[in-house]
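Trainee: If you want the building blocks of each chain, they are given just below.
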Amino acid sequence: MSRIKYIQKLLETKEISCVELTEKYLSSIEKQNSILNAYVNVTETEALNTARIVDKKIAQGQKLMPLEGIPMSLKDNISTKDIETTCCSKILQGYYPIFDATVWEILKKQNSVLLGKTNMDEFAMGSSCETSCFGATLNPVNTEYVAGGSSGGAAASVGADMAAFGLGSDTGGSIRQPAAFCGLAGFKPTYGTVSRYGVVAYASSLDQVGFIADSVEDASIVYDSLSAYDPKDSTSVGSKISTEDKLNSSIKGLKIGIADEFFEGIQDDIKKSVNAAIKVYEESGAEIIHFEMPKLKTILPVYFIISCAEASSNLGRFDGIRYGYRTNSYKDVNEMICKTRSEGFGKEVKRRIMLGTYVLSSGYYDAYYKKAQNLRGSIIRDFKKIFEKCDVILTPSVPVTAFKKGEALRDPIETYMMDICTVPVNIAGLPAISVPCGFDKNNMPIGMQIIGNSFEDYKVLNAAHQYEKQTRRYETMLPLSDSRR
Amino acid sequence: MDYELVVGLETHIELSTKTKIFCQCTTEFGGAPNTHCCPICMGMPGTLPKLNKRVVEYAVKAGLATNCKIRNVSKMDRKNYVYPDLPKAYQISQFDKPICYEGFIRLSSGKSININRIHIEEDAGKLVHERGDTYIDYNRGGVPLIEIVTEPDLRSIEEVVEETQD
Chain A
1 MSRIKYIQKL LETKEISCVE LTEKYLSSIE KQNSILNAYV NVTETEALNT ARIVDKKIAQ
61 GQKLMPLEGI PMSLKDNIST KDIETTCCSK ILQGYYPIFD ATVWEILKKQ NSVLLGKTNM
121 DEFAMGSSCE TSCFGATLNP VNTEYVAGGS SGGAAASVGA DMAAFGLGSD TGGSIRQPAA
181 FCGLAGFKPT YGTVSRYGVV AYASSLDQVG FIADSVEDAS IVYDSLSAYD PKDSTSVGSK
241 ISTEDKLNSS IKGLKIGIAD EFFEGIQDDI KKSVNAAIKV YEESGAEIIH FEMPKLKTIL
301 PVYFIISCAE ASSNLGRFDG IRYGYRTNSY KDVNEMICKT RSEGFGKEVK RRIMLGTYVL
361 SSGYYDAYYK KAQNLRGSII RDFKKIFEKC DVILTPSVPV TAFKKGEALR DPIETYMMDI
421 CTVPVNIAGL PAISVPCGFD KNNMPIGMQI IGNSFEDYKV LNAAHQYEKQ TRRYETMLPL
481 SDSRR
Chain B
486 MDYELVVGLE THIELSTKTK IFCQCTTEFG GAPNTHCCPI CMGMPGTLPK LNKRVVEYAV
546 KAGLATNCKI RNVSKMDRKN YVYPDLPKAY QISQFDKPIC YEGFIRLSSG KSININRIHI
606 EEDAGKLVHE RGDTYIDYNR GGVPLIEIVT EPDLRSIEEV VEETQD
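First to last, the protein sequences are chains A and B.
The first sequence maps to residues 1 to 485 in our numbering.
The second sequence maps to residues 486 to 651 in our numbering.
Read the hints as simulated data drawn from the structure, not as lab findings.
Just so you know, not all the hints are guaranteed correct.
[Stated by the list, open to error] Listed below are the simulated SDA-like cross-link pairs for lysine to any residue, each with C-alpha atoms no more than 25 angstroms apart in a straight line: (1) K331/A to D570/B; (2) K384/A to C508/B; (3) K232/A to K503/B; (4) K538/B to S204/A; (5) K370/A to C523/B; (6) K339/A to Y586/B; (7) K560/B to E287/A; (8) K582/B to G429/A; (9) K611/B to Y323/A; (10) K232/A to N557/B; (11) K371/A to V545/B; (12) K63/A to L10/A; (13) K560/B to D366/A; (14) K582/B to S205/A; (15) K560/B to G363/A; (16) K389/A to E287/A; (17) K564/B to Y364/A; (18) K271/A to K90/A; (19) K90/A to G528/B; (20) K232/A to R563/B; (21) K370/A to T619/B; (22) K538/B to K350/A; (23) K109/A to F580/B; (24) K582/B to T619/B; (25) K108/A to C508/B; (26) K295/A to N443/A; (27) K108/A to G528/B; (28) K538/B to K389/A; (29) K370/A to F580/B; (30) K350/A to D608/B; (31) K582/B to K90/A; (32) K560/B to K469/A; (33) K350/A to T619/B; (34) K370/A to K611/B; (35) K232/A to T619/B; (36) K535/B to F455/A.
[To be verified] Cβ-to-Cβ under 8 angstroms is the rule here; a few derived chain A residues that face chain B: (37) F99; (38) R196; (39) S329; (40) I337.
Glycine included, every Cβ here is placed at the ideal spot set by N, Cα and C.
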């Protein structure tokens with residue numbers, strides 16, 4: 001039984017009250033967070049208040065909604081009314097939004113229990129949470145390693161039993177990469193199926209809210225609750241398909257696409273694990289189809305041009321005038337804005353703002369931004385053609401396993417290259433999941449990625465679930481149980 | 486030496502919609518400072534614009550009245566610049582695919598003034614300078630505008646006056 005289902009069963013059969021459950025999670029946070037640094041803000045009062053409402057409903061014999069009473073975490077770029085939302089940047093310290101992001105509004109209506117806001121790379125720019133103004137999040141599997149990023153706090157919160165599931169955002173792999181590093185399921189849905197309203201924008205045409213969970217089944221349950229049409233987001237289309245109902249569809253005859261390009265420069269033990277997973281699928285009757293992806297090498301430059309361009313525009317609003325950090329001393333408004341931004345933004349964010357401003361400036365626009373947009377169009381068309389022949393594509397999630405502390409900051413270009421498998425999905429707006437498929441020689445988790453065609457999120461989730469069902473023994477328990485590792 | 490007066494006009498016209506271009510705030514003029522605002526027209530982080538249908542209708546009507554072609558596929562663009570009365574640090578406007586293009590109006594003399602384009606965009610807030618301090622009022626921020634751009638076909642002050650009054 002999946003973790004979310006297990007918790008709901010305990011609540012409904014009154015084996016545990018929601019307040020007791022919440023207290024268990026809160027004490028799990030208290031015991032571990034000082035080491036892991038997954039949460040930057042723990043919302044204890046909010047959590048216990050919601051838990052009491054849920055307990056009242058249970059006492060009255062009311063049926064619970066799918067995520068009701070489930071303790072969870074939100075990445076710190078998701079706006080939460082009256083709860084500080086910083087994107088882990090100094091420039092937003094002290095910013096308390098006056099409105100809720102749509103995804104949080106939905107969870108609030110379901111009485112999901114918010115345990116706190118999770119750590120992330122500053123404005124989601126990074127791969128290790130080390131660009132966060134609150135410092136790195138460590139990997140619950142082994143604290144010599146980082147949890148990944150940018151949704152590293154979300155992954156560590158779930159991996160260390162400090163939340164049953166976590167909401168994050170994925171612009172170039174920010175959910176799938178930390179999920180792979182921590183041995184969890186990380187799902188990035190089709191662009192437009194989950195509302196972006198209230199999620200602080202990094203690169204609007206690539207950003208997508210997604211989930212980190214203990215299992216594919218849990219990710220599917222969360223997706224079904226949150227994939228609703230939102231009139232406040234013009235790119236929202238929602239989804240009416242229940243992916244959970246389709247989780248046990250047969251994968252006999254499922255056409256799985258494999259391209260050699262995705263396996264170039266991949267760590268050996270990762271290659272081995274992913275190939276073993278392909279065997280598992282073949283044995284279940286899936287059909288393997290080989291295709292070529294010659295443009296894969298061009299996708300990273302396309303991604304960095306587009307994401308930095310959009311970031312430079314999106315982050316222009318942080319000027320110290322209306323909210324967040326403002327410099328102490330200044331002569332006039334120009335100096336105030338310059339000093340506020342110089343002091344408020346970290347190094348990586350500044351780098352991307354400068355790159356983005358450069359590629360958008362007149363004279364360079366045609367050579368960089370416009371060219372990148374044209375290439376993006378042709379990459380999308382390539383994927384369309386591939387999905388005429390395949391149901392899903394299978395790749396490694398990340399070319400390497402978790403970084404050691406400090407490793408990701410050493411060489412930014414090398415770190416950018418590590419997004420090669422995840423970035424194509426955002427460029428084309430596709431759904432994709434990372435699921436654990438083994439361990440490297442140091443016992444750090446390995447993830448594989450399953451990519452689907454737009455709006456076929458259910459195929460991705462089912463294919464991943466079938467693999468998980470065959471390869472993993474479920475042992476669901478509560479945090480701080482005696483039998484916990 | 487004789488000079489010839491050559492004039493082309495860019496005219497901003499406020500549309501009389503009830504609500505702003507990307508949110509549901511009132512467009513009513515006046516009001517206490519910063520009372521006709523919401524997270525969207527204040528450009529709060531994470532907010533998204535939702536285009537007002539009426540704005541598109543009015544812009545198309547203006548295009549039809551000036552013999553413009555109406556574009557079937559039109560889009561909005563960001564114009565990035567930093568100024569305190571512009572809370573997002575970009576104005577949402579139209580760049581390469583304006584909603585109306587290639588029109589003309591006829592003056593009483595029978596002369597045609599060609600119209601290059603009509604596009605829709607949002608207005609900015611306003612700065613109030615008082616006793617050495619500067620205050621910002623965002624009430625006007627997000628009020629819908631159209632911008633009518635003529636070719637440089639006007640040759641006298643009288644023609645300019647007639648064009649603007651039409």
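Trainee: Against each hint, give a clear statement of whether it holds in the structure.
Mentor: Quick rundown of the hints versus the structure:
1. The hinted pair formed by K331/A and D570/B meets the criterion: a straight-line CA distance of about 19 angstroms does not exceed 25 angstroms.
2. Between K384/A and C508/B, the direct Cα distance comes to roughly 35 angstroms. Violation of the 25 angstroms bound is thereby established for this hinted pair.
3. At roughly 19 angstroms between alpha-carbon atoms, K232/A and K503/B fall within 25 angstroms of each other, so this suggested pair holds.
4. Between the alpha carbons of K538/B and S204/A the distance comes to roughly 22 angstroms, so the proposed pair stays at or under 25 angstroms and holds.
5. A threshold of 25 angstroms between alpha carbons decides the hint, and for K370/A with C523/B the separation of about 34 angstroms lies outside it, so the pair is violated.
6. A C-alpha spacing of about 43 angstroms is found between K339/A and Y586/B, which places the hinted pair above 25 angstroms, so the restraint is violated.
7. Pair hint K560/B plus E287/A does not hold up; C-alpha atoms about 42 angstroms apart against a cutoff of 25 angstroms.
8. Between the alpha carbons of K582/B and G429/A the distance comes to roughly 24 angstroms, so the proposed pair stays at or under 25 angstroms and holds.
9. Only pairs whose Cα atoms come within 25 angstroms are accepted, and K611/B paired with Y323/A is accepted, the gap being roughly 18 angstroms.
10. Between K232/A and N557/B the alpha-carbon distance is near 24 angstroms, which keeps this suggested pair within the 25 angstroms criterion.
11. The straight-line distance between the Cα atoms of K371/A and V545/B is roughly 32 angstroms, outside the 25 angstroms bound, and the hint therefore fails.
12. Using a Cα cut-off of 25 angstroms, the hinted pair K63/A and L10/A holds, with the two alpha carbons roughly 13 angstroms apart.
13. Pair hint K560/B plus D366/A holds up; C-alpha atoms about 19 angstroms apart against a cutoff of 25 angstroms.
14. Annotation: proposed proximity of K582/B to S205/A holds, straight-line Cα distance about 19 angstroms (limit 25 angstroms).
15. Between K560/B and G363/A the CA atoms are separated by roughly 22 angstroms; this keeps the pair inside 25 angstroms, and the hint holds.
16. Distance hint between K389/A and E287/A is fulfilled; the C-alpha atoms sit about 11 angstroms from each other, no more than 25 angstroms.
17. Taking the CA atoms of K564/B and Y364/A, the gap is about 16 angstroms. The hint holds against a cut of 25 angstroms.
18. Between K271/A and K90/A, the direct Cα distance comes to roughly 40 angstroms. Violation of the 25 angstroms bound is thereby established for this hinted pair.
19. Only pairs whose Cα atoms come within 25 angstroms are accepted, and K90/A paired with G528/B is accepted, the gap being roughly 19 angstroms.
20. For the proposed pair K232/A and R563/B, the alpha carbon gap of about 19 angstroms is at most 25 angstroms, so the pair holds.
21. With a C-alpha separation of about 39 angstroms, the suggested pair K370/A and T619/B falls outside the 25 angstroms cut-off, and the hint is violated.
22. Note on K538/B and K350/A: the hinted pairing is violated, with a Cα-Cα distance of about 37 angstroms set against a maximum of 25 angstroms.
23. At most 25 angstroms may separate the alpha-carbon atoms for a hinted pair to count; K109/A and F580/B exceed this at roughly 41 angstroms.
24. For the hint linking K582/B to T619/B, the alpha-carbon distance of about 36 angstroms lies beyond 25 angstroms, and the restraint is violated.
25. Taken as a hint, the K108/A and C508/B pair is honoured in the structure, with Cα atoms around 24 angstroms apart against an allowance of 25 angstroms.
26. At most 25 angstroms may separate the alpha-carbon atoms for a hinted pair to count; K295/A and N443/A exceed this at roughly 33 angstroms.
27. As the CA atoms of K108/A and G528/B are separated by approximately 24 angstroms, the hinted pair is consistent with the 25 angstroms bound.
28. Of the pairs offered as hints, the one joining K538/B and K389/A is violated, with about 40 angstroms between alpha carbons and a cut-off of 25 angstroms exceeded.
29. Among the hinted pairs, K370/A with F580/B is consistent with the structure: their alpha-carbon atoms are about 14 angstroms apart, no more than 25 angstroms.
30. For the proposed pair K350/A and D608/B, the alpha carbon gap of about 29 angstroms is over 25 angstroms, so the pair is violated.
31. With a C-alpha separation of about 38 angstroms, the suggested pairing of K582/B with K90/A is violated against the 25 angstroms cut-off.
32. Using a Cα cut-off of 25 angstroms, the hinted pair K560/B and K469/A is violated, with the two alpha carbons roughly 46 angstroms apart.
33. Distance check on the hinted pair: K350/A and T619/B sit about 28 angstroms apart at the alpha-carbon level, beyond 25 angstroms; violated.
34. Among the hinted pairs, K370/A with K611/B is inconsistent with the structure: their alpha-carbon atoms are about 33 angstroms apart, more than 25 angstroms.
35. About 33 angstroms separates the Cα atoms of K232/A and T619/B, which puts this hinted pair outside 25 angstroms; it is violated.
36. Restraint check for K535/B and F455/A: satisfied, since their Cα atoms lie roughly 23 angstroms apart, inside the 25 angstroms limit.
37. The beta carbon of F99/A comes within 5 angstroms of a beta carbon in chain B, closer than 8 angstroms, and the hint placing it at the interface holds.
38. Because the beta carbon of R196/A sits about 7 angstroms from the nearest beta carbon in chain B, less than 8 angstroms, this interface hint is met.
39. Because the closest C-beta pair between S329/A and chain B is about 17 angstroms apart, greater than 8 angstroms, the hint is violated.
40. Checking I337/A against chain B by beta carbon gives a least distance of about 7 angstroms; that is within 8 angstroms, so the hint holds.
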